[in-house]
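2 protein chains.
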Amino acid sequence: MPQVTSGKKRQLVIVGGGFAGINAARSLAKSPDLEITLIDRQNHHLFQPLLYQVAMAGLSPADIAAPIRAMLSSQKNCRVIQGEVTGVDLVQKLVQSDAGPLPFDYLLIACGARHSYFGREEWEEFAPGLKTLEQATEIRRRVLTAFETAERSTDPEEQRRLLTFVVVGGGPTGVELAGAIGEMSRFTLAKDFRRIEPRSARIVLIEAGPRILPMFSETLAARAMRDLEQLGAQVWTNAKVTSVDAHGVQVGAERLNSETVLWAAGVVAAPLSRALGLPLDRAGRIVVEPDLSVAGHPNIFAGGDIASFSHQTGTPLPGVAPVAMQAGRQIARNILNDVEGKPRESFRYVDKGQMATIGRSRAIVAVGRFEKAGFLAWVMWLVIHIYYLTGFKNRILVVISWAWSYLTFNRGARLIVRRDWRMFRKPSAAAAPSGESVPPSTGAA
Amino acid sequence: MPQVTSGKKRQLVIVGGGFAGINAARSLAKSPDLEITLIDRQNHHLFQPLLYQVAMAGLSPADIAAPIRAMLSSQKNCRVIQGEVTGVDLVQKLVQSDAGPLPFDYLLIACGARHSYFGREEWEEFAPGLKTLEQATEIRRRVLTAFETAERSTDPEEQRRLLTFVVVGGGPTGVELAGAIGEMSRFTLAKDFRRIEPRSARIVLIEAGPRILPMFSETLAARAMRDLEQLGAQVWTNAKVTSVDAHGVQVGAERLNSETVLWAAGVVAAPLSRALGLPLDRAGRIVVEPDLSVAGHPNIFAGGDIASFSHQTGTPLPGVAPVAMQAGRQIARNILNDVEGKPRESFRYVDKGQMATIGRSRAIVAVGRFEKAGFLAWVMWLVIHIYYLTGFKNRILVVISWAWSYLTFNRGARLIVRRDWRMFRKPSAAAAPSGESVPPSTGAA
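Line by line, the protein sequences give chains E and A.
Numbering that gives the first Met the number 0 puts the first sequence at residues 0 to 444.
Numbering that gives the first Met the number 0 puts the second sequence at residues 0 to 444.
Be aware that a few hints might be false.
The list treats identical chains as interchangeable, and a pair is accepted whether it falls inside one copy or across any two copies.
Only pairs whose alpha carbons sit at most 20 Å apart, straight line, appear in this in silico EDC-like list of lysine to aspartate or glutamate [stated by the list, open to error]:
1) Lys92 x Asp32
2) Lys351 x Glu34
3) Lys75 x Asp191
4) Lys190 x Glu34
5) Lys239 x Glu253
Since the hints were derived computationally from the structure, they do not count as laboratory data.
Sequences are here, hints too, so could you generate the full structure?
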């Protein structure tokens with residue numbers, strides 16, 4: 000398995016097939032002097048910005064994911080491995096993985112971030128985060144099952160608890176989730192139930208800070224808040240969740256009963272960052288130099304959500320797709336510069352602005368001093384997301400079809416899929432893994 | 000919860016939202032004298048004839064499934080419950096369910112069939128069947144993971160085992176699965192790997208009887224067999240599987256090493272059929288009278304794969320979608336006849352022929368004495384399936400988009416999705432449920 004670094008070919012190992020890793024690999028497609036190995040624990044690249052749409056049954060997992068292997072299929076200098084990286088030997092220049100050791104001349108660490116429960120990881124089973132397709136499907140299962148169970152219930156107290164949805168975290172993801180639940184209950188599901196009134200669903204967005212969407216101006220954040228309220232979502236600011244259990248959350252002295260709690264609060268770098276003895280910032284991200292390499296390790300780069308780059312603005316760049324894409328491309332250029340004997344360049348992030356969507360016809364956009372809210376902002380959001388999604392899906396017709404279903408309020412993926420695929424089970428085997436909270440109707444399957 | 004049968008309204012309870020149940024409910028949309036309750040353990044109706052396409056990564060689960068609730072949303076006399084039926088009290092006329100008791104004047108039992116392992120249910124974990132979306136996703140995970148694991152392997156013996164796929168059962172489903180694996184390995188995946196040659200994948204279709212596709216003529220079955228062989232699949236007839244384990248199957252004295260075994264052999268009626276004390280045939284199906292009611296229980300009907308109707312041809316009608324759809328509509332008509340004081344009619348199945356597909360441009364069609372194989376047969380197959388799928392998906396654009404990806408060899412849903420959505424787990428909780436065989440790279444997640 001270990002490959003010998005051949006004559007002039009240099010080995011580049013990329014850990015992670017997200018925006019940074021894929022963009023770096025693609026930028027090096029025409030570099031015959033490099034042999035690239037991209038390793039990822041998942042077999043697919045994920046278009047994260049639309050992941051909330053999978054959680055909210057608007058899109059199918061395959062609509063926003065593509066096999067990494069297929070994306071890099073025609074790139075002859077690149078091979079793809081589905082595997083888990085367990086460590087890096089910085090001295091021997093070896094990536095250790097469950098697919099064997101991978102020797103490298105250059106290393107790009109780009110395995111992203113996950114949600115942080117601030118040391119309370121036991122909350123995860125009661126409040127899933129939204130970083131992977133598996134989590135998105137789990138959230139979809141929980142939200143749809145809550146409506147189904149409420150329809151079967153005859154206990155008004157239980158129905159109320161089932162029709163209360165709590166989203167923790169007032170960043171873009173939390174806002175998107177809260178808005179989408181509001182929309183689903185008010186439009187998509189409105190006529191489908193007989194006993195319950197989906198429109199009466201209560202959505203509470205809990206934010207520990209003084210306001211939601213702190214990366215936007217006060218004006219835009221206020222607009223987003225009004226939009227959320229029109230969709231039936233209440234926003235609690237300065238509200239800190241002090242505990243989470245299977246039936247709700249505690250917010251200081253206040254108890255909020257809910258069967259469905261979603262977690263969109265803190266983010267922490269993937270665990271690999273801590274295992275390497277490299278310089279980290281407070282969020283566990285790898286601190287990088289102006290050229291995106293790690294201090295003292297010029298052959299090791301970090302990009303995307305796992306990297307902390309603060310040379311441009313004094314504070315680390317945000318963990319968003321454009322930063323990861325641009326960083327991936329810059330890292331590729333700097334490796335090429337090395338190969339060609341040219342000096343490296345400093346990374347300079349070109350901020351094209353930021354946007355968040357609250358629901359159909361409701362979005363906010365900020366590009367420098369230009370600010371826009373409402374329908375036009377939403378169209379801009381839609382066009383940009385379709386444009387980038389087409390870029391890697393390469394299937395314009397598919398993109399049109401989901402854009403259509405998105406435009407028409409149709410949620411095409413309202414599936415409750417069970418966790419267990421087996422039909423024949425002993426009663427003991429039917430039980431969920433220990434400690435797991437199973438929504439009633441799913442568990443009874 | 001229990002509802003009192005009001006004045007003139009008659010209660011119809013439909014157990015199962017498959018082709019029979021949905022067609023019965025829809026045919027009664029304009030009957031103000033009926034109150035219909037449809038209960039299903041899943042929240043979705045499934046277009047079973049294309050389920051193998053989900054297993055083979057050609058389609059997404061949501062492409063061939065629709066929420067039962069949404070399908071019947073505008074039908075005011077019908078409510079939908081997601082729940083599990085635990086029994087039927089024939090005397091009290093109550094369906095017992097985990098959503099409470101459901102009183103009925105008329106009952107339609109239409110909860111289908113599942114695979115039979117001929118008393119060896121322990122084989123299921125090594126050889127999943129294909130009846131539900133969960134099973135289709137599990138098969139997709141296993142097949143794609145086998146290729147990924149083979150690419151990482153350096154042991155030729157292990158690679159061979161990983162690239163050997165066994166399908167048990169030579170009916171239409173087995174033929175479709177074997178053909179689709181052949182196509183995937185020869186076309187879709189051909190250029191995506193560096194170490195393995197997906198084209199070299201070996202596919203073995205095992206049939207206990209003397210030939211595959213016994214419902215077709217010798218000529219058509221022979222043609223299907225040649226088509227399969229062109230796609231790299233070998234057909235073993237008169238071959239009986241005597242044991243299945245995690246690493247292969249035993250076929251009499253012969254051992255076939257394979258990490259991926261799929262089960263498309265026998266079918267048995269859903270367990271509810273046995274719980275009611277009604278007359279059953281040898282496959283456990285409920286024997287129905289000419290009017291599709293159960294002997295001695297004129298108010299109880301059975302339709303679809305759980306019913307055994309042999310008045311027309313002497314042998315039970317096959318468990319296919321057209322039989323279920325027509326039976327569902329006939330049952331609706333007979334209930335209406337009762338309500339209107341007219342005599343019931345006998346069911347007469349109109350056989351529009353049968354078809355099976357082996358792969359792109361490869362299908363067989365038989366309508367009475369008319370027989371066709373090859374490209375034209377495949378176009379007929381495609382048109383008919385698109386037509387019926389459009390019927391319930393109601394989204395022509397979506398259907399076009401998947402037809403497009405189907406025509407272009409693009410398998411848009413090549414996702415390996417893990418079973419566990421959680422990021423933070425104790426090592427003990429990370430273990431798979433007891434007795435479960437987890438493909439290596441998935442288990443290592």
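Hint by hint, here is what the structure shows:
no.	hint	in the structure
1	Lys92 x Asp32	within (18 Å within a copy, 77 Å between copies)
2	Lys351 x Glu34	neither (33 Å within a copy, 57 Å between copies)
3	Lys75 x Asp191	between (51 Å within a copy, 10 Å between copies)
4	Lys190 x Glu34	between (56 Å within a copy, 17 Å between copies)
5	Lys239 x Glu253	within (10 Å within a copy, 65 Å between copies)
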